[in-house]
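2 protein chains.
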Amino acid sequence: MLKFCKIAMLITTKYFEIDKLKLECGETLSPITLAFETYGELNSQKNNAILLFHALTGDAHAAGKHNSSDTKTGWYDKFIGPNKALDTNKYFIICSNILGGCAGSTGPSSINKLTNKPYGLNFPFITIKDMIKGQYKLVESFGIEKLHACIGGSLGAMQALEWMITYPESSNSCIIMASAPYQSPQNIALHEVGRRAIMNDINWNKGNYYDSIEKPNNGLSIARMIAHISYLSDQSMHLKFGRKIQGKEELNFELHNEFEVESYLNYQGKAFIKRFDANSYLYITRAVDYFDYSGDKLQKALNKNSCKYLIISFSSDWLYPEYQSIQIVNALQSLNLSVFYNRIESVYGHDAFLLEDEKLTPVLQGFLEHI
Amino acid sequence: MLKFCKIAMLITTKYFEIDKLKLECGETLSPITLAFETYGELNSQKNNAILLFHALTGDAHAAGKHNSSDTKTGWYDKFIGPNKALDTNKYFIICSNILGGCAGSTGPSSINKLTNKPYGLNFPFITIKDMIKGQYKLVESFGIEKLHACIGGSLGAMQALEWMITYPESSNSCIIMASAPYQSPQNIALHEVGRRAIMNDINWNKGNYYDSIEKPNNGLSIARMIAHISYLSDQSMHLKFGRKIQGKEELNFELHNEFEVESYLNYQGKAFIKRFDANSYLYITRAVDYFDYSGDKLQKALNKNSCKYLIISFSSDWLYPEYQSIQIVNALQSLNLSVFYNRIESVYGHDAFLLEDEKLTPVLQGFLEHI
Numbered sequence: 169m170l171k172f173c174k175i176a177m178l179i180t181t182k183y184f185e186i187d188k189l190k191l192e193c194g195e196t197l198s199p200i201t202l203a204f205e206t207y208g209e210l211n212s213q214k215n216n217a218i219l220l221f222h223a224l225t226g227d228a229h230a231a232g233k234h235n236s237s238d239t240k241t242g243w244y245d246k247f248i249g250p251n252k253a254l255d256t257n258k259y260f261i262i263c264s265n266i267l268g269g270c271a272g273s274t275g276p277s278s279i280n281k282l283t284n285k286p287y288g289l290n291f292p293f294i295t296i297k298d299m300i301k302g303q304y305k306l307v308e309s310f311g312i313e314k315l316h317a318c319i320g321g322s323l324g325a326m327q328a329l330e331w332m333i334t335y336p337e338s339s340n341s342c343i344i345m346a347s348a349p350y351q352s353p354q355n356i357a358l359h360e361v362g363r364r365a366i367m368n369d370i371n372w373n374k375g376n377y378y379d380s381i382e383k384p385n386n387g388l389s390i391a392r393m394i395a396h397i398s399y400l401s402d403q404s405m406h407l408k409f410g411r412k413i414q415g416k417e418e419l420n421f422e423l424h425n426e427f428e429v430e431s432y433l434n435y436q437g438k439a440f441i442k443r444f445d446a447n448s449y450l451y452i453t454r455a456v457d458y459f460d461y462s463g464d465k466l467q468k469a470l471n472k473n474s475c476k477y478l479i480i481s482f483s484s485d486w487l488y489p490e491y492q493s494i495q496i497v498n499a500l501q502s503l504n505l506s507v508f509y510n511r512i513e514s515v516y517g518h519d520a521f522l523l524e525d526e527k528l529t530p531v532l533q534g535f536l537e538h539i
Numbered sequence: 169m170l171k172f173c174k175i176a177m178l179i180t181t182k183y184f185e186i187d188k189l190k191l192e193c194g195e196t197l198s199p200i201t202l203a204f205e206t207y208g209e210l211n212s213q214k215n216n217a218i219l220l221f222h223a224l225t226g227d228a229h230a231a232g233k234h235n236s237s238d239t240k241t242g243w244y245d246k247f248i249g250p251n252k253a254l255d256t257n258k259y260f261i262i263c264s265n266i267l268g269g270c271a272g273s274t275g276p277s278s279i280n281k282l283t284n285k286p287y288g289l290n291f292p293f294i295t296i297k298d299m300i301k302g303q304y305k306l307v308e309s310f311g312i313e314k315l316h317a318c319i320g321g322s323l324g325a326m327q328a329l330e331w332m333i334t335y336p337e338s339s340n341s342c343i344i345m346a347s348a349p350y351q352s353p354q355n356i357a358l359h360e361v362g363r364r365a366i367m368n369d370i371n372w373n374k375g376n377y378y379d380s381i382e383k384p385n386n387g388l389s390i391a392r393m394i395a396h397i398s399y400l401s402d403q404s405m406h407l408k409f410g411r412k413i414q415g416k417e418e419l420n421f422e423l424h425n426e427f428e429v430e431s432y433l434n435y436q437g438k439a440f441i442k443r444f445d446a447n448s449y450l451y452i453t454r455a456v457d458y459f460d461y462s463g464d465k466l467q468k469a470l471n472k473n474s475c476k477y478l479i480i481s482f483s484s485d486w487l488y489p490e491y492q493s494i495q496i497v498n499a500l501q502s503l504n505l506s507v508f509y510n511r512i513e514s515v516y517g518h519d520a521f522l523l524e525d526e527k528l529t530p531v532l533q534g535f536l537e538h539i
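As given, the protein sequences belong to chains A and B, one line each in that order.
Heads up, the first sequence is in my numbering, so the first residue is 169 and it goes up one at a time.
Heads up, the second sequence is in my numbering, so the first residue is 169 and it goes up one at a time.
Mixed in with the good hints there might be a few duds.
What the hints assert, rightly or not - No farther apart than 35 angstroms at their CA atoms in a straight line, the calculated lysine-lysine pairs in the DSBU-like style are these:
#1 468/A - 416/B
#2 305/A - 190/A
#3 297/B - 465/A
#4 527/B - 442/B
#5 374/B - 438/A
#6 412/A - 465/B
#7 442/B - 383/A
#8 416/B - 472/A
#9 240/B - 383/A
#10 476/A - 465/A
#11 472/A - 408/B
#12 383/B - 383/A
#13 188/B - 438/A
#14 240/B - 297/A
#15 476/A - 412/B
#16 240/B - 465/A
#17 416/B - 438/A
#18 408/B - 374/A
#19 408/B - 416/A
#20 374/B - 383/A
#21 190/A - 297/B
#22 383/A - 438/B
#23 416/B - 416/A
#24 465/B - 416/A
#25 297/B - 412/A
#26 285/A - 416/B
#27 258/B - 374/B
#28 240/B - 472/B
#29 240/B - 416/A
#30 408/A - 468/B
#31 416/A - 188/B
For the record, the hints were derived by calculation from the structure and aren't laboratory data.
Using the sequences and the hints given, assemble the complete structure.
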């Protein structure tokens, strides 16, 4: 049985077409493609669907492998499969690449049908509400009237919250992990630095680099390094790297890659540029910056409904600190909505929602079974 | 009297020459200039001197004005002057620009006498021990055998600690604010991102930009923005900016400067490039990265002496979190040295040691008077 579980599901990415979407910025985007994957089977009552939203740089490939020769599985594979938290024996899980992304869904690197060239900076500004409006049409296309659950971490959780605000009767439950009701000024600032790093890359060329051999890879890599620091925690970096020197015993007196933590971050930056588009990074970070249910806005935006909420925060997450999860809990409780709050002790910082499978799995399973 | 206090001291920067210095990296630097300023008068017994060390991007100009028309006073003016924490009626305060700096002391932008060109990347690697060795010669030149106190915040405090380790009998007291016994991996990582931003600037040109009209200003500005975020706190950014939009009521859908926090950071970045050299930033951040009295190294390095220590941490400082100050306290206590620890509640994050004059002044005054 254990051996069986370790055989990854073979999954094919599919594509959903939307004729057009009126965006919050006022513009209309047409046409739109959403890349998506599904895991498990939709039952005949069509009431076992879970919509999983990905975070900033995720994609539709949440679980399994595309080919048996793939060395990696999808980004949430620890949580999706038979007997896992999102149990494919019970549930039908849908995950789509967000609007503005670069992994099959329409984004700045997609061809603008009006010019036959990539959009680049002609891509319209998008918001999290725009993202979930596209995904609503995808869910509708399966004939699903009400989800069993919607779930996400970080930006994924912001999408889940926006989903419940926009379509309050469309899910039985909503799981919010490592997230916030609004983007804090500190996080806007971190995003801004990342964007500046991209736009200061000589190869960015005001977003017109798709025809060039040279891409703004160094800038995008720096943006990723900044973000990556914010995904870890002071404690996890002590445990993982400490002050270890890369491959030697004594200092070499170099400006770069002297310490293991530097080599690791540079590796992460270089790995990122292979799979991500710099303009997508600009647009998606901006969409997160615009997310704003601060103050009493969340309470006012949420509708009374029978949805059950589960809010999960992680002790060492300094990107979306626990007090922001508690602000969501308070807004839900003030409306007398059903809300469970779970605070998980973790050293992994913001990334804990991706890594703490042993702690998260029983919490998610219990919640999903007793809705 | 109050009016009198508000008249800034008029101060002239002076320069101290050192023939040569053998550096920790193995190289010898020759000659060396240290820019310095003094405030107050050295008494006849020469026992009222306080050596003040500046932080990462500070300079020798700690107090007063150079000209009465100057709009700004020195970086620690709130704390230096008659009846202030470092009381010029009682003490003779010395502050010098660190080795590697760009405000009068020898650094990468200085002329290499061997080539008659700026050092650039031919400048040797420096450490915090190298910095204080130069300053020791400066203090000696006044005929001072023992300081009343050495004091600093952040990198300034690392210099103070290194001073006590290297010259254990040379100060009656030592004040360490907002600092740490070693640079954490998180902070090495933040520095590395800043360095990458500079070195990815097309105008950096491997450090050879001194003859060019175009300087690596954008890269240096980005490095400053990253650092500036780490000097503030989540809470202070909420209080100072929140999610306020720059100069308007509604979103404009722009990639930059939409939020006040972005405009502020960009302003800080642009102000910084007027006063700082990009190569100096590379070398000084690296010197801080190398600072390492982690584990039991501090206890082993400190010598038993009669110096009285005051360690001050600030509650919202996440760059040098309180546990790192406590590690210093523990090392001192384990050697049965005299140590006072003061934890100051502040929302200002790491910058609190520059801003919390009302809370800090009585603590510093009391300590300095009762040594």
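ask   = Is the straight-line distance between the alpha-carbon of residue 297/B and that of residue 465/A 35 angstroms or less?
value = violated (53 angstroms)
ask   = Quick one, are residue 408/B and residue 416/A close enough, alpha carbons at most 35 angstroms?
value = Distance ~45 angstroms between residue 408/B and residue 416/A Cα, so the pair is violated.
ask   = Is the Cα-Cα distance between residue 476/A and residue 412/B 35 angstroms or less?
value = Within the cut-off at roughly 33 angstroms; holds.
request  = Compare the distance between the alpha carbons of residue 240/B and residue 416/A with 35 angstroms, and conclude whether the hinted pair is satisfied.
outcome  = violated (47 angstroms)
Pairwise hint evaluation, residue 438/B against residue 383/A, where the allowed Cα distance is 35 angstroms at most = holds (26 angstroms)
ask   = Does residue 305/A pair with residue 190/A here, judged by a C-alpha cut-off of 35 angstroms?
value = Since the Cα atoms of residue 305/A and residue 190/A sit roughly 13 angstroms apart, the hinted pair holds (cutoff 35 angstroms).
query = Keeping to a limit of 35 angstroms between CA atoms, is the pair of residue 416/B and residue 416/A held or broken?
reply = Judged against 35 angstroms, a Cα distance of about 54 angstroms means the pair is violated.
message = Please verify whether residue 240/B and residue 297/A have alpha carbons no more than 35 angstroms apart.
response = With a Cα-Cα distance of about 47 angstroms, the restraint between residue 240/B and residue 297/A is violated, given a limit of 35 angstroms.
task = Given the hint that residue 297/B pairs with residue 412/A, test it: the Cα-Cα distance must not exceed 35 angstroms.
result = Status holds; Cα separation ~21 angstroms.
task = Please work out if residue 240/B and residue 472/B have their alpha carbons no farther apart than 35 angstroms.
result = violated (42 angstroms)
inquiry  = Would the hint linking residue 465/B and residue 416/A be met if the CA-CA limit is 35 angstroms?
reply    = Distance of about 19 angstroms is within 35 angstroms: holds.
ask   = Within a Cα-Cα threshold of 35 angstroms, do residue 416/B and residue 438/A meet the stated pairing?
value = violated (38 angstroms)
In summary, the structure is inconsistent with hints 3, 9, 13, 14, 16, 17, 19, 21, 23, 27, 28 and 29 from the numbered list given earlier, while agreeing with the others.
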